[in-house]
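Chain by chain, the residues run as shown.
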Amino acid sequence: MGSSIENWDGVTGAIFMGAGGGMPAVWVWLAIAACVVPLIFGAIADRKTR
Amino acid sequence: MEEQIAALTEQVAALQGSAAVTNTMVAEMFYYLTIPLMIIIHAGFLAYEMGASRAKNVLASGIKNILAFAYVLPAFFFVGWWIYWAMPTGLPAGDASFALPWSESMGPFLGDNSSGVFWGAFALFAATTASIFSGAVIERIQTTGFIILAVFLGAVAWVVAAAWGWHADGWLVTNFGYHDFGAAGVVHTVAGFFALGVLINLGPRIGKFNADGSANHIGGHNMPFTITGLMLIIVGFWGFLMACAIFPGEGWSWFSNNFGTIYGTPTNLSALAFNILMAFSGGVIGAWFITRDPFWMMSGALAGIIATASGLDVYWPPLAFLIAMAGGMLLKPAAAVLERFRIDDAVGAVTVHGTIGVFGLLMFGIWGAGYPALQGEGVATVNLLGQAIGAVVCILLGFVPGYVISLILKMAGMLRIGEAAELAGLDPTKVPAQAYPEGITPSEPASS
Chain F
179 MGSSIENWDG VTGAIFMGAG GGMPAVWVWL AIAACVVPLI FGAIADRKTR
Chain G
35 MEEQIAALTE QVAALQGSAA VTNTMVAEMF YYLTIPLMII IHAGFLAYEM GASRAKNVLA
95 SGIKNILAFA YVLPAFFFVG WWIYWAMPTG LPAGDASFAL PWSESMGPFL GDNSSGVFWG
155 AFALFAATTA SIFSGAVIER IQTTGFIILA VFLGAVAWVV AAAWGWHADG WLVTNFGYHD
215 FGAAGVVHTV AGFFALGVLI NLGPRIGKFN ADGSANHIGG HNMPFTITGL MLIIVGFWGF
275 LMACAIFPGE GWSWFSNNFG TIYGTPTNLS ALAFNILMAF SGGVIGAWFI TRDPFWMMSG
335 ALAGIIATAS GLDVYWPPLA FLIAMAGGML LKPAAAVLER FRIDDAVGAV TVHGTIGVFG
395 LLMFGIWGAG YPALQGEGVA TVNLLGQAIG AVVCILLGFV PGYVISLILK MAGMLRIGEA
455 AELAGLDPTK VPAQAYPEGI TPSEPASS
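Just so you know, the protein sequences line up as chains F and G, in that order.
Heads up: the first sequence is residues 179 to 228, going by our numbering.
Heads up: the second sequence is residues 35 to 482, going by our numbering.
These are computed hints drawn from the structure, not numbers from a lab.
Don't be surprised by glycine CBs; every beta carbon is placed ideally from N, CA and C.
Be a bit skeptical, because a hint or two may be false.
Quick partial rundown of chain G residues pointing at chain F, CB under 7 Å, derived from the structure [claimed, not checked]: (1) Pro258; (2) Phe259; (3) Ile261; (4) Thr299; (5) Ile319; (6) Val348; (7) Trp350; (8) Phe355; (9) Leu356; (10) Met359; (11) Ala360; (12) Trp401; (13) Ala403; (14) Gly404; (15) Tyr405; (16) Gln409.
With the hints as constraints, model all of the structure from the sequences given.
Listed below in structure tokens is the structure:
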């Protein structure tokens with residue numbers, strides 16, 4: 179992904195890596211999945227110890 | 035007409051003067067407030083370490099933690115502040131006479147609204163670094179030996195790392211593009227590996243390891259206290275990370291209308307808010323996923339922040355979440371590796387701070403590659419090799435003095451308490467106070 183900036187002089191707006199491209203959306207979905215997967219495993223663990 | 039223009043000009047000048055005063059006062063207050071927030075980190079470490087101790091050692095652990103704080107602050111006044119300003123390019127030291135302890139700038143000075151609050155914020159960074167180390171060595175270290183080690187770590191070791199890697203003129207930055215916004219390397223990696231160096235000489239607690247090398251869990255007497263302490267550390271780290279930003283609009287500021295990093299690159303508190311919260315969450319969830327243990331979950335919160343600290347100014351928040359989650363997931367396996375080498379780190383300091391500090395530096399070398407490390411044309415850019423070099427430097431700046439000084443203390447009989455005192459407990463043998471004079475017994479509910 180890497181830097182969206184080549185030179186800091188006069189920079190405004192989004193400065194996070196990948197800004198302006200498609201990768202940030204991919205990371206959003208991966209992060210959502212990363213929240214859901216532990217919940218699924220947690221639910222399975224809860225069933226085993228009910 | 036000319037009189038009206040002159041009057042308006044005078045009014046505008048007065049308003050500009052008033053705005054400048056307001057900016058100065060707000061800037062001074064900004065850094066002043068980071069100081070009590072960072073003291074909350076120490077309240078947190080106090081609770082954390084006392085809870086992680088067995089009841090027979092609880093007050094001794096507290097004393098050690100409080101003394102680290104008390105000794106590192108004056109040591110940083112006498113020595114540390116000068117090292118930071120004099121040594122960004124290594125030796126020979128540059129001119130930093132304003133930071134010498136007898137300088138006029140090092141006391142109440144009207145018209146100087148920055149020296150004291152900057153010094154104060156840095157002094158709390160120093161004390162935090164020493165506190166990171168203090169938990170690893172609970173229940174068997176001698177107080178005086180511990181203070182000597184804490185003072186060196188807090189007033190020298192991390193400060194050299196900061197001069198080299200957390201300063202716009204630092205050679206790691208100018209030559210290798212090293213970027214470490216939230217001090218994952220210069221504070222956490224240095225402190226974690228300093229602790230490792232000491233632990234090798236200090237040895238494990240009695241009963242920690244069996245003859246076959248297997249490890250026994252030595253539980254603390256109050257895990258709720260420990261977990262609450264970890265949450266307080268998280269609160270305090272907001273002050274730490276806030277103090278990593280450079281306020282705008284002053285003579286010493288990087289920008290007139292924007293916060294800057296210590297390196298002079300632009301950022302703002304909004305960027306930090308996004309990434310710190312996402313990192314906290316990712317670290318907790320990652321650790322919960324692997325361990326289901328509340329101690330590791332809260333350690334995961336801290337690990338998440340450390341894993342992303344280097345790039346809190348520029349990370350895309352969902353990516354920060356994922357990196358933090360990976361940090362939280364790494365904790366327990368990393369701690370297990372340490373135990374296989376018979377290293378007894380009572381609170382996971384080497385793992386959370388040392389290992390995850392390195393992880394965080396390298397992560398930024400991958401995901402943040404290409405960011406200019408400084409303002410201007412033709413400057414070094416962030417890269418994986420530069421971050422790795424910085425990590426190695428921080429590891430050595432922590433490990434070598436930790437190992438050498440603790441070895442000298444060990445040879446002088448000043449490192450570890452005697453076996454009898456360790457078995458009886460540090461509180462009954464060394465502390466003139468009793469933590470639980472009535473014991474810890476359950477109370478009966480009121481009868482209906």
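Here is what the structure says about each hint:
no.: 1; hint: Pro258; verdict: violated (21 Å)
no.: 2; hint: Phe259; verdict: violated (26 Å)
no.: 3; hint: Ile261; verdict: violated (19 Å)
no.: 4; hint: Thr299; verdict: holds (5 Å)
no.: 5; hint: Ile319; verdict: holds (6 Å)
no.: 6; hint: Val348; verdict: holds (6 Å)
no.: 7; hint: Trp350; verdict: holds (4 Å)
no.: 8; hint: Phe355; verdict: holds (5 Å)
no.: 9; hint: Leu356; verdict: holds (6 Å)
no.: 10; hint: Met359; verdict: holds (6 Å)
no.: 11; hint: Ala360; verdict: violated (9 Å)
no.: 12; hint: Trp401; verdict: holds (6 Å)
no.: 13; hint: Ala403; verdict: holds (5 Å)
no.: 14; hint: Gly404; verdict: holds (3 Å)
no.: 15; hint: Tyr405; verdict: holds (4 Å)
no.: 16; hint: Gln409; verdict: holds (5 Å)
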